[in-house]
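Undergrad: Residues per chain are reported as follows:
2 protein chains.
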Amino acid sequence: MQPPYLLFLGDVQDQLAAKTARGIVDWRPDWVVGQLRLEGCKADIGVPDRSIDEARGEGAGTLVLGVVNSGGTMPEHWAGTIVAAIEAGMDVMSGLHMRLSDVPAIKAAADRHGAELLDVRHPTRTFRTGTGKKRTGRRILAVGTDCSCGKKYTALAMEAALRARGLKADFRATGQTGIMIATRGVAVDAVVADFISGAVEWLTPDNDPDHYDCVEGQGSLFHPAFAGVSLGLLHGAQPDFLILCHEPTRTHMRGLPHQPLPDLETCLETNLQLARLTNPDVRPLGLSINTSNLSKDEAHAYLKAVSDEMNLPAVDHFLTGMDALVDALP
Amino acid sequence: MQPPYLLFLGDVQDQLAAKTARGIVDWRPDWVVGQLRLEGCKADIGVPDRSIDEARGEGAGTLVLGVVNSGGTMPEHWAGTIVAAIEAGMDVMSGLHMRLSDVPAIKAAADRHGAELLDVRHPTRTFRTGTGKKRTGRRILAVGTDCSCGKKYTALAMEAALRARGLKADFRATGQTGIMIATRGVAVDAVVADFISGAVEWLTPDNDPDHYDCVEGQGSLFHPAFAGVSLGLLHGAQPDFLILCHEPTRTHMRGLPHQPLPDLETCLETNLQLARLTNPDVRPLGLSINTSNLSKDEAHAYLKAVSDEMNLPAVDHFLTGMDALVDALP
Chain G
29 MQPPYLLFLG DVQDQLAAKT ARGIVDWRPD WVVGQLRLEG CKADIGVPDR
79 SIDEARGEGA GTLVLGVVNS GGTMPEHWAG TIVAAIEAGM DVMSGLHMRL
129 SDVPAIKAAA DRHGAELLDV RHPTRTFRTG TGKKRTGRRI LAVGTDCSCG
179 KKYTALAMEA ALRARGLKAD FRATGQTGIM IATRGVAVDA VVADFISGAV
229 EWLTPDNDPD HYDCVEGQGS LFHPAFAGVS LGLLHGAQPD FLILCHEPTR
279 THMRGLPHQP LPDLETCLET NLQLARLTNP DVRPLGLSIN TSNLSKDEAH
329 AYLKAVSDEM NLPAVDHFLT GMDALVDALP
Chain W
29 MQPPYLLFLG DVQDQLAAKT ARGIVDWRPD WVVGQLRLEG CKADIGVPDR
79 SIDEARGEGA GTLVLGVVNS GGTMPEHWAG TIVAAIEAGM DVMSGLHMRL
129 SDVPAIKAAA DRHGAELLDV RHPTRTFRTG TGKKRTGRRI LAVGTDCSCG
179 KKYTALAMEA ALRARGLKAD FRATGQTGIM IATRGVAVDA VVADFISGAV
229 EWLTPDNDPD HYDCVEGQGS LFHPAFAGVS LGLLHGAQPD FLILCHEPTR
279 THMRGLPHQP LPDLETCLET NLQLARLTNP DVRPLGLSIN TSNLSKDEAH
329 AYLKAVSDEM NLPAVDHFLT GMDALVDALP
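Going line by line, the protein sequences match chains G and W.
Residue numbers for the first sequence follow our numbering, so the first one is 29 and each next one is one higher.
Residue numbers for the second sequence follow our numbering, so the first one is 29 and each next one is one higher.
One chain only, chain G, in its complex shape (with noise of 0.2 Å):
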């Protein structure tokens, strides 16, 4: 898995599909050379359109389907660009549900080159059943009201600050984008469900009294399609700290128009109570809010508001930093 990356973004009709090429960008600038884009591509992650060649001459090692899409599954239409940078020397990674070398003509040209074929939802090795005994080192785990409304960039973020006051942090990735960002990690939603808390527990083992893993959560305890990931990655962190994200503008479960979402604190409390399971002393550190669909004045208002009403800093990474949260450590 080695930087330069390409980033293909296909034909996706909208720049929400073109999130984990957004979120490499965000995250790891210096290691993206320019987007791929095919004729209709609605998405625009900003930088620089490349040909393969062109990117090749930048020294891109890699081309990464930095999109998603409900399913999992790539268009057929896309496999002459994938088998085109494989021709060209490069390896391929992917997050799909769906494995590269699925498709035929995608495994030839890798086999035929010597390229390799990275799908990083799929763990490339086994687990054990969790065990929730203690472990050394201090871990932030970040969970959300809902999908998708800011778990990693707040982990992301966390690391990034920690790091700028001189402390040991590390990002822990357990989805596709994260695991690209951070080059390892865990895709905890694909793991078999016997696994899932046993694979967290593997993925920050035992560290430094002084260190902090910053742990990406995944889903919502209040979603009813993943609860059971979210439950199992929360015993499987054994967090100190939770921050609570959330997406102000929401007004139902994502993808699921019948569920409403959980209220803040109903929310943050459900996480206190069953992440004391393995980790009694468990407490709240902050709230992480992705206020990109308010105004600035809305979302200074609604982040002074949402700290009154819960009794903790709240925070939007873009708009106000993360020390916030960093200063309510211990």
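No lab work stands behind these hints, which were simulated from the structure alone.
Be aware that a few hints might be false.
Heads up, simulated SDA-like pairs for lysine to any residue below, C-alpha to C-alpha not over 20 Å straight-line [what the hints assert, rightly or not]:
#1 W:Lys161 with G:Gln287
#2 G:Lys162 with W:Gln287
#3 G:Lys161 with W:Leu284
Keep in mind it's a predicted model, so treat the numbers as computed, not measured.
Given the coordinates of chain G, assemble chain W onto it according to the supplied hints.
TA: Quick look at chain W alone, frame taken from chain G:
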């Protein structure tokens, strides 16, 4: 998956390791022609010992690996017996984590003789992610303070008790032994984590308004290894009624000496609290206690005490039958 079965116990060293075979004998005695044990086997499930040829003569079509072992793998020296069964014309069914076809000699024999190799723990289909949308019909879910405390037996006993009253009921299997008993189901602990609740939604679909699904629970919300599975199953089953299962002599969570058991009230309340996400009307039906480690007098005293304390009917189906729980249905 066609009965009758010859139950293969290998040379396991205790009765507990034969609990899959025991479950089949307890619930589907008519499907069992006998047990096949290797030299040194210390388990005996109380059915006649039969050779492969004898079993074939009595109509057995399937050799069932009726054992569980930690790790879910098969000792190499069992392969010869399995190959002999295939050569005698039998199919083979296993609930182990490893696949039968991963043993080259078994795969070759099956290919040669056209035998079916059934790994019931491995889903043979894909699932959608859960939605939490309300389905028709009634659902009873057996939940537990721990693993292996009677959830499967409770769900099977409820199916039998409801049918004995002329009511429509189906046991819904969520683990390997249950699947062998029901000849269908999903081993939810072997599903990819993203699809736990979706798999259970598929398993317990819309049904007649007066039909009961009796759903086998898995693990416990208070087990650090498996709570994610338990929560996804709870959300996917969207139960109308919970039966809390408990083994009163257990001193710690199964396999984890450092992990205490939850008290019954906390366990029931937490299950109800989290179940409300997909069924706000969920209610407790009663307690199902595995009193097999108590004397009869102790057992009756315990059932009365716990029933008074929780203000719910308490049964042990071997001791009291399930009538008190059926009577508690509205």
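Undergrad: Each hint needs a verdict: does it hold in this structure or not?
TA: Comparing the hints with the structure gives:
1. W:Lys161 with G:Gln287: Holds, because 8 Å separates the two Cα atoms, which is no more than 20 Å.
2. G:Lys162 with W:Gln287: This hinted pair holds, its Cα atoms lying about 11 Å apart.
3. G:Lys161 with W:Leu284: Cα-Cα ~9 Å, so holds.
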